[in-house]
Amino acid sequence: MSDATSAATGDRAREADLGPLAKFLKATELDTRMLGMLGALVLIWLLLHFLSGGLFLTPRNLWNLSVQTSSVAIMATGMVLVIVLRNIDLSVGSMEGIVGMVMGVLQAQILIRVFGFSLGDPWIWVIALACGILAGILIGALQGFIIAYLEVPAFIVTLGGLLIWRGAAWWVTSGQTVAPLDATFQLMGGGPLGAIGASWSWVVAVAGCLGVAFLMVSGRRQRQRFRFPLRPVWAELLLGGVACAAIVGAVWVANSYPWPVGIVRRYAAAQGIEVPEGGLFIAHGIAIPVLMAVAVGIIMTFVTNRTRFGRYVFAIGGNPEAANLAGINTRWVTMKVFMIMGVLVAISAAISSARLNAATNALGTLDELLVIAAAVIGGTSLAGGSGTIIGAMLGALLMQSLQSGMVLLGIDSPLQNIVVGAVLVIAVWLDTVYRKRV
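Quick note on our numbering: the sequence shown kicks off at 108 and runs consecutively.
No lab work stands behind these hints, which were simulated from the structure alone. Any given hint could be a false lead.
Unchecked claim - Distance ranges between label pairs, derived from CB positions:
1) L516 to A286: 29 to 39 Å
2) K130 to L266: 41 to 51 Å
3) I263 to R327: 22 to 32 Å
4) P367 to S306: 12 to 22 Å
Where is the CB? At the ideal position from N, CA and C, for every residue including glycine.
Produce the complete structure using the sequences and hints provided.
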């Protein structure tokens with residue numbers, strides 16, 4: 108018997124010893140940690156729905172939950188890269204506060220009073236967002252330079268940043284809230300006008316399903332090209348079907364949440380539409396901040412999985428000494444990661460301040476806790492070297508679900524912080540246990 112025949116016989120024997128669940132997981136190549144997190148999310152949703160008297164799993168609450176999750180999820184994608192590099196960023200909440208204040212002051216004061224822009228000028232929100240992103244890049248570059256080139260531990264640098272940027276946000280306006288913001292800028296915060304409506308939401312759903320099909324087909328062709336093992340056809344169809352069902356279900360929920368009655372009446376009066384006796388149903392559709400979060404997630408997934416920079420990040424996190432000996436400029440990669448973190452913080456600051464229609468000194472308070480917890484719960488190891496973008500975004504959804512549910516249950520804010528802190532400790536403990544078994 109040849110060696111190849113013996114190996115094939117051995118593989119078939121090992122597969123025969125596997126149970127049905129193990130065979131299913133092997134065929135679909137599903138991450139057991141990801142499945143566990145999804146299971147925990149479903150259980151938390153069902154429990155909160157029961158305890159809240161049926162208020163949690165409603166289109167209104169789920170739509171608001173998606174909007175509230177967006178800013179944390181965006182920052183969590185950047186925190187994945189930071190933690191993969193064996194660093195930490197405790198300053199993201201304070202950075203969000205100072206960048207949000209910069210954008211608010213630009214819109215409400217500087218551009219109008221100093222540069223003579225008029226209210227409603229279409230360039231106001233563009234300039235404010237661009238300046239906010241630039242501020243985020245500069246802050247991230249400063250902290251990254253100190254960490255990478257001056258070799259000060261990231262914990263100390265970002266802890267100092269937590270205090271410095273929070274104080275700077277107060278100093279910009281002497282503690283005053285800046286409002287209102289530009290009307291177009293406010294669309295990034297969601298709301299009836301900050302959503303794309305039912306029709307465009309279904310267009311997004313179709314595009315998403317087509318994208319899933321394209322990824323499945325192209326991925327299978329890539330495996331064939333490099334002679335990698337192929338998933339069974341039924342597994343490919345199952346995974347694609349589940350992904351498409353999730354997309355369609357999310358859009359259906361978004362389209363099931365109607366505009367408030369008062370806004371509908373004002374809209375109908377302005378458009379000359381007669382409101383029928385039973386009322387006029389106008390769906391919100393997908394919120395703009397949710398689309399922004401999805402776009403960031405797709406881009407960051409591509410960056411981490413398909414670019415040289417992404418491979419460098421994971422190589423450095425896995426073994427910094429080996430990466431340095433291989434010729435990777437570890438210092439420059441580290442600095443770029445913190446600059447990317449600054450860009451993502453600026454986008455989150457725009458969403459958060461737009462949702463409030465104000466730049467406040469409390470913006471981003473304790474968000475660093477939620478962002479780090481989201482990344483860790485999503486499977487990013489604090490030891491570095493491993494983590495996923497989709498996992499961090501699901502972790503953000505889980506953390507925000509807990510907070511939203513506790514608000515519905517009327518739980519006080521201090522107790523909410525206790526729960527979030529306990530969840531973070533448990534998540535790190537479970538990560539430690541999981542890695543010891545692997």
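Point to revise | K130 versus L266 beta-carbon gap, inside 41 to 51 Å or not | key: Given about 48 Å between the Cβ atoms, the range holds.
Practice item. Note whether the CB distance of P367 and S306 lies within 12 to 22 Å or breaks it. Key: holds, 20 Å
Check your understanding: Could one say that the CB atoms of I263 and R327 fall in the range 22 to 32 Å?
Key -> violated, 47 Å
Point to revise | Hint check for A286 and L516 - Cβ pair distance inside 29 to 39 Å | key: holds, 30 Å
When held up to the earlier numbered hints, the structure conflicts with hint 3 and nothing else.
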